[in-house]
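*Asks:* Residue numbers (our numbering), protein chains in the order written: chain A, 1 to 293; chain B, 294 to 586.
Please note that a few of the clues may not be correct.
Claimed, not checked - The calculated label-pair distances, taken between Cβ atoms and stated as ranges, are:
#1 A:Gly121 - B:Ser323: 32 to 42 Å
#2 B:Ser323 - A:Pro271: 51 to 61 Å
#3 B:Asp427 - A:Gly15: 31 to 41 Å
#4 B:Ala474 - A:Pro126: 42 to 52 Å
#5 A:Glu33 - B:Thr563: 45 to 55 Å
#6 B:Thr578 - A:Gly85: 26 to 36 Å
#7 A:Arg98 - B:Gly381: 30 to 40 Å
#8 B:Pro564 - A:Asp227: 23 to 33 Å
#9 A:Gly253 - B:Asp388: 16 to 26 Å
#10 A:Arg36 - B:Gly381: 43 to 53 Å
Keep in mind that the hints were calculated from the coordinates and are not lab data.
Every residue, glycine too, gets a C-beta built ideally from N, C-alpha and C.
Below are the chains, spelled out letter by letter.
There are 2 protein chains.
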Amino acid sequence: MTAPHPAERGTAAPGLERLSLNQITTKHWSLPEAVRGCGQAGIPAIGLWRDKVAETGTARAARLVRDSGLTVSSLCRGGFLTAAGPEGRRAALDDNRRAVEEAAELGTDTLVLVVGGLPEGSRDLPGARARVADLLAELAPYAGQFGVRLAIEPLHPMFCADRAVVSTLGQALDLAAPHPAAQVGVVVDSYHVWWDPALPEQLARAGRDGRIAAYQVCDWTLPLPADVLLGRGHVGDGHIDFRSLTDQVTAAGYTGWIEVEIFNERIWATPGEQTLATVADRHRTHVATAPHR
Amino acid sequence: MTAPHPAERGTAAPGLERLSLNQITTKHWSLPEAVRGCGQAGIPAIGLWRDKVAETGTARAARLVRDSGLTVSSLCRGGFLTAAGPEGRRAALDDNRRAVEEAAELGTDTLVLVVGGLPEGSRDLPGARARVADLLAELAPYAGQFGVRLAIEPLHPMFCADRAVVSTLGQALDLAAPHPAAQVGVVVDSYHVWWDPALPEQLARAGRDGRIAAYQVCDWTLPLPADVLLGRGHVGDGHIDFRSLTDQVTAAGYTGWIEVEIFNERIWATPGEQTLATVADRHRTHVATAPHR
Numbered sequence: 001m002t003a004p005h006p007a008e009r010g011t012a013a014p015g016l017e018r019l020s021l022n023q024i025t026t027k028h029w030s031l032p033e034a035v036r037g038c039g040q041a042g043i044p045a046i047g048l049w050r051d052k053v054a055e056t057g058t059a060r061a062a063r064l065v066r067d068s069g070l071t072v073s074s075l076c077r078g079g080f081l082t083a084a085g086p087e088g089r090r091a092a093l094d095d096n097r098r099a100v101e102e103a104a105e106l107g108t109d110t111l112v113l114v115v116g117g118l119p120e121g122s123r124d125l126p127g128a129r130a131r132v133a134d135l136l137a138e139l140a141p142y143a144g145q146f147g148v149r150l151a152i153e154p155l156h157p158m159f160c161a162d163r164a165v166v167s168t169l170g171q172a173l174d175l176a177a178p179h180p181a182a183q184v185g186v187v188v189d190s191y192h193v194w195w196d197p198a199l200p201e202q203l204a205r206a207g208r209d210g211r212i213a214a215y216q217v218c219d220w221t222l223p224l225p226a227d228v229l230l231g232r233g234h235v236g237d238g239h240i241d242f243r244s245l246t247d248q249v250t251a252a253g254y255t256g257w258i259e260v261e262i263f264n265e266r267i268w269a270t271p272g273e274q275t276l277a278t279v280a281d282r283h284r285t286h287v288a289t290a291p292h293r
Numbered sequence: 294m295t296a297p298h299p300a301e302r303g304t305a306a307p308g309l310e311r312l313s314l315n316q317i318t319t320k321h322w323s324l325p326e327a328v329r330g331c332g333q334a335g336i337p338a339i340g341l342w343r344d345k346v347a348e349t350g351t352a353r354a355a356r357l358v359r360d361s362g363l364t365v366s367s368l369c370r371g372g373f374l375t376a377a378g379p380e381g382r383r384a385a386l387d388d389n390r391r392a393v394e395e396a397a398e399l400g401t402d403t404l405v406l407v408v409g410g411l412p413e414g415s416r417d418l419p420g421a422r423a424r425v426a427d428l429l430a431e432l433a434p435y436a437g438q439f440g441v442r443l444a445i446e447p448l449h450p451m452f453c454a455d456r457a458v459v460s461t462l463g464q465a466l467d468l469a470a471p472h473p474a475a476q477v478g479v480v481v482d483s484y485h486v487w488w489d490p491a492l493p494e495q496l497a498r499a500g501r502d503g504r505i506a507a508y509q510v511c512d513w514t515l516p517l518p519a520d521v522l523l524g525r526g527h528v529g530d531g532h533i534d535f536r537s538l539t540d541q542v543t544a545a546g547y548t549g550w551i552e553v554e555i556f557n558e559r560i561w562a563t564p565g566e567q568t569l570a571t572v573a574d575r576h577r578t579h580v581a582t583a584p585h586r
């Protein structure tokens, strides 16, 4: 079930060998449209979302992607592990087991986890974080059976209350540490980690421990919109130094896919072909010339 | 110039012995109005803002506060140290030296520093952070001459690009470390630090090193407003566990003022007396019963 390494594929346009389109970036495209768009733009990989996969049907989605020659770099997303009580726990386990199975059927080895925020009315942040650790212990071996790695995504601290109580790369690595690296890794998403003064040392640690499962990029632009979930920009439009960040991720030993994942209403309203052209252009300008190893 | 310790003052209403009103919370009150409001509400201390002090005149403001029996818990704010180039550097030093002098004249030993974001168009976060360290080295001895302590405030990471490249308590403590604790301390502001998984260990470290210069409180409420600067809520209205946080700050040895600092258009539009009544009520309910040492 291991996804082919970028170097093993031959469908990429020059300079796009490591580029993957996370399909949320073209939110208004169906899965077949996104697959076709990637093929036409010379983008060799795609990160899929479960809702889009469900629209198409998992088996058909898997066949479509396979026939297109694209690699599935990741499946977004499992997680939401913070519900309190036995019923919430069971529901989260069931849903994440299904997500693992879907990832395997789609031919990707990477299931991104957004761990969830505080339950309604709760102020117990340590409790919510403990539940994440607890459920990971149940899910990691299950994922391992399917050749899938759970990729814990630390989200920007502004999402701590409502989306993810895992807020830093160091914290994600602490959660991953008890588990085999083949079962649990971390996502490095530029938008969520760029501000972190501990980032250089935590990226080096992630590399030493073999934990970097995915590298996602988009830019931090200002002003933030009314819904801060939707404030991300194209690479190069904001405040993140992608040259430095990509060099650090590369120096940590990561040579896998670089997935562009952008939540932005304005970009979503742009025709998909145009968005992919911008994505490809920015990748070549700001990311792709980093040293490959 | 050392501000009296809460226990040394006798103007507080029961349960409000450690409460201070940061005057941004009643933004539409002038300094004389805020001083009068605190006296009437039994709030024994006030955190002043330089723009409000300037409106009134520093000497008159100092006299007004002194005559009222209030303690000035802090002056907000110096900082904005990240400008590049010799001219920006000199302007920042000049302004911060004036802020130190104003703090001394107002009778407070605490000058809050918001260190500034990235200069326009810059992506050089390490460079901006290095300039903060550089200017602190110039300013700390100057502040020491006036009996004033520079209190570095880590701001929530969502303000990293535009307001403060110091984003965590640990980072603020690293910046303070080269300087005497009497010259450089840190601000613990609930809104900015509550999410940090490293908070317990960094609070303990701050206590051991004698660095906690101020404890500010307001709550993290959702949804965030269009301008995220203005999204802060009254203590008790959001997701922060003030019992746990205050216990940790107290266990770290901090027994000073607890300053309520709220940026919120809706609260600003509320009559000041009503805001102060809510502030006092929430302080008694969520904060004041923490063990005092």
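*Asks:* A range of 16 to 26 Å was offered for this pair. Does it hold for the Cβ distance of glycine 253 (chain A) and aspartate 388 (chain B)?
*Replies:* violated, 45 Å
*Asks:* Between threonine 578 (chain B) and glycine 85 (chain A), does the beta-carbon spacing fit 26 to 36 Å?
*Replies:* holds, 27 Å
*Asks:* Are aspartate 427 (chain B) and glycine 15 (chain A) spaced within 31 to 41 Å by their CB atoms?
*Replies:* holds, 39 Å
*Asks:* Between the beta carbons of proline 564 (chain B) and aspartate 227 (chain A), is the distance compatible with 23 to 33 Å?
*Replies:* holds, 31 Å
*Asks:* Range hint 43 to 53 Å: satisfied by the CB atoms of arginine 36 (chain A) and glycine 381 (chain B)?
*Replies:* holds, 51 Å
*Asks:* So the hint says 42 to 52 Å: do the beta-carbon atoms of alanine 474 (chain B) and proline 126 (chain A) match that?
*Replies:* violated, 29 Å
*Asks:* Could you check the hint for me, namely that glutamate 33 (chain A) and threonine 563 (chain B) are 45 to 55 Å apart, CB to CB?
*Replies:* About 50 Å separates the Cβ atoms of glutamate 33 (chain A) and threonine 563 (chain B), which means 45 to 55 Å holds.
*Asks:* Measuring from beta carbon to beta carbon, are glycine 121 (chain A) and serine 323 (chain B) in 32 to 42 Å?
*Replies:* holds, 39 Å
*Asks:* Range hint 30 to 40 Å: satisfied by the CB atoms of arginine 98 (chain A) and glycine 381 (chain B)?
*Replies:* violated, 55 Å
*Asks:* Hint says 51 to 61 Å; check whether the CB-CB distance for serine 323 (chain B) and proline 271 (chain A) agrees.
*Replies:* Holds, at about 54 Å.
Violated hints, listed in ascending order, are 4, 7 and 9; each of the other numbered hints is respected by the structure.
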